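K.L.:
Here is what each chain is made of, one letter per residue.
2 protein chains.
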Amino acid sequence: MINYPIKRKVQETVLKTTSNRGMDLEDAINQTNQYYIDNDIAYIYKKPIPIVVVKVDYEKRSTAKISEAYYKTPSTTDYNGIYLGRYIDFEAKETNSKTSFPLKNIHEHQVLHLKNIQKHGGIGFIIVHFFKLDRTFLLDASKVVEFYNRKDIGRKSITLEEFIEFGHDVKEGYVKRLDYLAIVKREYF
Amino acid sequence: MINYPIKRKVQETVLKTTSNRGMDLEDAINQTNQYYIDNDIAYIYKKPIPIVVVKVDYEKRSTAKISEAYYKTPSTTDYNGIYLGRYIDFEAKETNSKTSFPLKNIHEHQVLHLKNIQKHGGIGFIIVHFFKLDRTFLLDASKVVEFYNRKDIGRKSITLEEFIEFGHDVKEGYVKRLDYLAIVKREYF
Numbered sequence: 013m014i015n016y017p018i019k020r021k022v023q024e025t026v027l028k029t030t031s032n033r034g035m036d037l038e039d040a041i042n043q044t045n046q047y048y049i050d051n052d053i054a055y056i057y058k059k060p061i062p063i064v065v066v067k068v069d070y071e072k073r074s075t076a077k078i079s080e081a082y083y084k085t086p087s088t089t090d091y092n093g094i095y096l097g098r099y100i101d102f103e104a105k106e107t108n109s110k111t112s113f114p115l116k117n118i119h120e121h122q123v124l125h126l127k128n129i130q131k132h133g134g135i136g137f138i139i140v141h142f143f144k145l146d147r148t149f150l151l152d153a154s155k156v157v158e159f160y161n162r163k164d165i166g167r168k169s170i171t172l173e174e175f176i177e178f179g180h181d182v183k184e185g186y187v188k189r190l191d192y193l194a195i196v197k198r199e200y201f
Numbered sequence: 013m014i015n016y017p018i019k020r021k022v023q024e025t026v027l028k029t030t031s032n033r034g035m036d037l038e039d040a041i042n043q044t045n046q047y048y049i050d051n052d053i054a055y056i057y058k059k060p061i062p063i064v065v066v067k068v069d070y071e072k073r074s075t076a077k078i079s080e081a082y083y084k085t086p087s088t089t090d091y092n093g094i095y096l097g098r099y100i101d102f103e104a105k106e107t108n109s110k111t112s113f114p115l116k117n118i119h120e121h122q123v124l125h126l127k128n129i130q131k132h133g134g135i136g137f138i139i140v141h142f143f144k145l146d147r148t149f150l151l152d153a154s155k156v157v158e159f160y161n162r163k164d165i166g167r168k169s170i171t172l173e174e175f176i177e178f179g180h181d182v183k184e185g186y187v188k189r190l191d192y193l194a195i196v197k198r199e200y201f
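So the protein sequences, as listed, match chains F and E.
Counting the first sequence from 1 gives a position; my numbering is that position plus 12.
Counting the second sequence from 1 gives a position; my numbering is that position plus 12.
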């Protein structure tokens, strides 16, 4: 059980009050994925948020109302799908910071998940949006695992410089809001 | 909003009272997937159940309690993952019937989802367990789409004979409870 929805709210508030040019990462990715689907480019979709249901009220058979439930720590990533026959899997995150992405924003199970995807021949990565800088990066799962593993012995974040050096800039566009598959095609095929 | 959890409960009760040899399909698949993961054969996992959250109570920051939510009609399938570099996606269903599988157990969006998976080079299918017969079949997505499309003009189910003719028997085992990837390997590679 985690405080996922509160964090999310805080981020959105900051985004909307500090920056008019700010992009909502989830919206941008969802719109891009819809563009990919509509144009038969790829089929990538968002997974449901994991929730543990404790109590369900059955007033009548057709309307089951969940009256007690909690957010679960996610064990997989937000997005997955298929592109040119390859398995695609990624997590998308925003950060307030201008200098680094805190590793506490990613859960250990999600890192393990990305590692498993790569082990079995899939393409895994994270997309991180520094919204105060208006910059977005794609970082390969192998680098995510490497940086995550130093968490207990040293730095607890991935620096902006590391994103610049090891990641790939994802440019914001108009029709394809965030064309991350252009990078996937260039880097993984 | 659907009556998903009630159906599930009813099914489980029937399963447990009418048949001691009866297999719980979800358990069998989850155990099999764990076997695949533990032995580095494949990485296939269950997606969260889609829930729409209406009301969240924040008593304190660390415990967000969802106090009103509803089950959503699923737009994708239950399981997906990766096997020998290929995208795998399927829905698993049980039926009480001894003669056919009613198509109302599958939603239109799930059929469209399977169609999209195939279009982009993935492997999609359904696994259907006739528990009164103790038989389980794997049926390719193309056949699911074909049978689903006749729903409005004719038969509203897939018959047992059709599963026998166009599907593949999945045998129940001990260590690998339901080794459906043996069929996937034989039929799709």
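Keep in mind that a hint or two might mislead.
One copy or any two copies: either way a pair holds, since identical chains are not told apart in the list.
No more than 27 Å apart at the CA atoms, straight line, and that leaves these computed lysine-lysine pairs for DSS-like [claimed, not checked]:
id, residue 1, residue 2
1, 144, 131
2, 105, 67
3, 58, 127
4, 131, 197
5, 59, 77
6, 77, 163
If you are wondering where the hints come from, they were derived from the structure by calculation, not from laboratory data.
Quantities reported herein were computed from a predicted structural model and do not represent experimental measurements.
K.L.:
All hints, please: hold or fail.
P.N.:
Status of the hints after comparison with the structure:
no. : hint        : result
1   : 144 <-> 131 : neither (34 Å within a copy, 39 Å between copies)
2   : 105 <-> 67  : between (31 Å within a copy, 24 Å between copies)
3   : 58 <-> 127  : both (19 Å within a copy, 17 Å between copies)
4   : 131 <-> 197 : both (19 Å within a copy, 18 Å between copies)
5   : 59 <-> 77   : both (22 Å within a copy, 21 Å between copies)
6   : 77 <-> 163  : neither (41 Å within a copy, 30 Å between copies)
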